[in-house]
Amino acid sequence: MFARGNQRWIVTAIPYAWMLVFFLVPFLIVLKISFSSTEIAQPPYSPTFDLINDVWVDTLEKLQALQFDNYKRLFTDSIYVESYLSSLWIAGTSTLMMLFLAYPIAYGMARAPKSIRPTLVMMVILPFWTSFLIRIYAWISILSEEGLLNSLLVSLGIIDEPMQILSTNTAVYIGILYSYLPFMVLPLYSALEKMDDSLIEAAKDLGCTQFQAFWRVTFPLSIPGVIAGCFLVFIPAVGEFVIPDLLGGSETLMIGKTMWEEFFNNRDWPAASAVAVALLIVLMIPIVIFQSNEARQQEMR
Amino acid sequence: MKRLSAFNVVSLTLGFSFLYLPIVLLILYSFNAGRSVAVWGGWSTKWYGSVFENDQLLDAAWVTLQVGVLSASVATVLGTLAALALARYGRFRGRTLFSAMVYAPLVMPEVITGLSLLLLFVAVNLDRGFWTIVLSHITFTMCFVAVVVQSRLASFDRSVEEAAMDLGCTPFVTFFRITLPIILPAVISGWMLAFTLSLDDLVIASFTTGPGATTLPMKIYSDVRLGVKPEINAVCSLMVGVVTIAVVIASIMTKRQEVERERAERAALAGR
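As given, the protein sequences belong to chains A and B, one line each in that order.
In terms of this note's numbering, the first sequence is residues 1 to 301.
In terms of this note's numbering, the second sequence is residues 302 to 573.
These are calculated hints, taken from the structure and not from any lab test.
Using N, Cα and C, we set each Cβ at its ideal position, and we do this for glycine too.
Any given hint might turn out to be false.
As the list claims (entries may be wrong) - Under the rule of at most 20 Å between Cα atoms (straight-line distance), these lysine to aspartate or glutamate pairs were calculated in the EDC-like manner:
| # | chain 1 | residue 1 | chain 2 | residue 2 |
| --- | --- | --- | --- | --- |
| 1 | B | 530 | A | 268 |
| 2 | A | 72 | A | 294 |
| 3 | B | 530 | A | 146 |
| 4 | A | 72 | A | 82 |
| 5 | A | 72 | A | 197 |
| 6 | A | 32 | A | 69 |
Said to hold, decoys possible - Simulated restraints on C-beta separations:
| # | chain 1 | residue 1 | chain 2 | residue 2 | range |
| --- | --- | --- | --- | --- | --- |
| 7 | A | 69 | B | 350 | 48 to 56 Å |
| 8 | A | 96 | B | 378 | 37 to 45 Å |
| 9 | B | 432 | A | 13 | 17 to 25 Å |
| 10 | A | 7 | B | 432 | 24 to 32 Å |
| 11 | B | 566 | A | 99 | 35 to 43 Å |
| 12 | B | 305 | A | 293 | 15 to 23 Å |
| 13 | B | 565 | A | 100 | 28 to 36 Å |
What the hints assert, rightly or not - To give an idea of the interface, some chain A residues facing chain B are shown, with a C-beta separation under 10 Å as derived from the structure:
| # | residue |
| --- | --- |
| 14 | 89 |
| 15 | 108 |
| 16 | 157 |
| 17 | 158 |
| 18 | 159 |
| 19 | 163 |
| 20 | 164 |
| 21 | 291 |
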């Protein structure tokens, strides 16, 4: 049998090695290829430097030969800059809209009788278990021109003719709101649920109106949940591919979609890698803020 | 006893209708006799019949299922080991890097994970196909398993383990007779999570697949691009059905296990 120290070593080493090989190394390869130039070959790139063999030989010379072209293109080709900005904009606005949509739901859940709260939480999580693709697919037939939403609006007399919703940014917003709703509701709920009701009663006794009590007591106490929810929605939404691809149209520019097209349609692997590296750098800031926020919450508990 | 105000009732009703209406409509229109997914043409189950005659779909479903079971099982083992290392071994050299690598894939955009794994497979000249999808799915789902199991390990009374070791169990035996039974619900839900994430994945599988291995999401995606039809609704409804049944069974099982454990604890206390 293993000695205690040995066992610890093995338990740590197996997942550690796996993550090094399948997470860190692949990422270094992306970094390397993003500095290579495009070639029409299989694989369609020519390495600028070979990490293992050449690195000792003439590092300096090789560094000078690094191809920054792919990164220069990120700034000069307007499609990249616009995709980044529009991804950030779409993710940011939908996060804000999500807050307004999810807050009343989470609030209602936290106010509900204790006995039905677990069921409500379960009901929020359950759609999350069904396929993401299926949930997006469901919206295609609702939003299309002869779809259910348009026929409902026409039959109610709100609009005269079916309007185009599918293949616009509106559809992308709806898709993001729908798919990421649980990510916002659950952190808000867990922040609101912990709250002591007597605080609100105290505020009201001291003369606050219902709204003032909410705005000055409830909301500030739920801010950790608000922050966690916003990041949980914003970070994945920036890099989203399926939603802009299936619900958006040609006007929809999002960086995940641009990268996918660069890779699969243009077969430009170095450019796709450079887009990936830049996307990660953009996301690094919110991810670090999110993690330090989480760590602070853990300490406070 | 609190009563829900009208505002709360309305927001809960609207919120849950928003969450469930699209899925209900999707299932409803899979029973549509007409070809349209928006105009109702009477009840019919013919689309389910055509699903079971569509060999491409069935093949894709079979591939997806195999990938899911294989990758979820390996990911559960690796994720549990990672959780043990993170929750139990305190500070060891390289821990910061390790925990960063375990948590990063949770927030990493799928397009980046997919691209980087593909470039790895190309660099080592691995034939892309079924096995590369399995490897990729193990990698990104094991992190979710690690998080789920770690949270169970954190709320775990370690004196039980120490008692077992004081009574002469080796660490190995202690793990299988004490630790594993206690964290089993978390391990099972970790497996379920890994399995559904694998079933669900379109982006990473598209990057890392090769000729001959098409998963169900990839097949659905390419069909959807050609146009929606009730047959896809039928496939999707079947998937929703399978996942719902699995989730319900799993939650009943964990519930029963918890009840049993509480009973055992009470019995142990009473006997003291």
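Do the Cβ positions of residue 432 of chain B and residue 13 of chain A conform to the proposed distance bound of 17 to 25 Å? Taking Cβ atoms as reference, residue 432 of chain B and residue 13 of chain A lie about 23 Å apart, which means the hint holds.
Regarding the pair residue 72 of chain A and residue 294 of chain A, is the alpha-carbon distance no greater than 20 Å? Roughly 36 Å between the alpha carbons, so the hint for residue 72 of chain A and residue 294 of chain A is violated.
Okay, residue 566 of chain B versus residue 99 of chain A on CB: inside 35 to 43 Å? 42 Å, holds
Holds or violated: the 28 to 36 Å window for the beta-carbon distance between residue 565 of chain B and residue 100 of chain A? 47 Å, violated
Do the beta carbons of residue 305 of chain B and residue 293 of chain A sit within 15 to 23 Å of each other? The hinted range 15 to 23 Å is violated for residue 305 of chain B and residue 293 of chain A, with Cβ atoms some 31 Å apart.
Restraint satisfaction for residue 163 of chain A [CB to CB of chain B, less than 10 Å]: Violated: closest Cβ of chain B sits about 15 Å from residue 163 of chain A, beyond 10 Å.
Hint check: is the beta carbon of residue 108 of chain A less than 10 Å from a beta carbon of chain B? 4 Å, holds
Just to be sure I understand the hint, the distance between the Cβ atoms of residue 7 of chain A and residue 432 of chain B should be within 24 to 32 Å; is that true here? Distance hint for residue 7 of chain A, residue 432 of chain B holds at roughly 30 Å.
Given the hinted pair residue 72 of chain A and residue 197 of chain A, is their Cα-Cα distance within 20 Å? 56 Å, violated
Measuring from the C-beta of residue 157 of chain A to each C-beta in chain B, is the shortest one below 10 Å? 19 Å, violated
Residue 164 of chain A as an interface hint toward chain B, with CB separation required under 10 Å: 15 Å, violated
CB-CB spacing for residue 350 of chain B and residue 69 of chain A relative to the 48 to 56 Å hint: 55 Å, holds
Violated hints, in rising order: 1, 2, 5, 12, 13, 14, 16, 17, 18, 19 and 20; the structure is consistent with all others.
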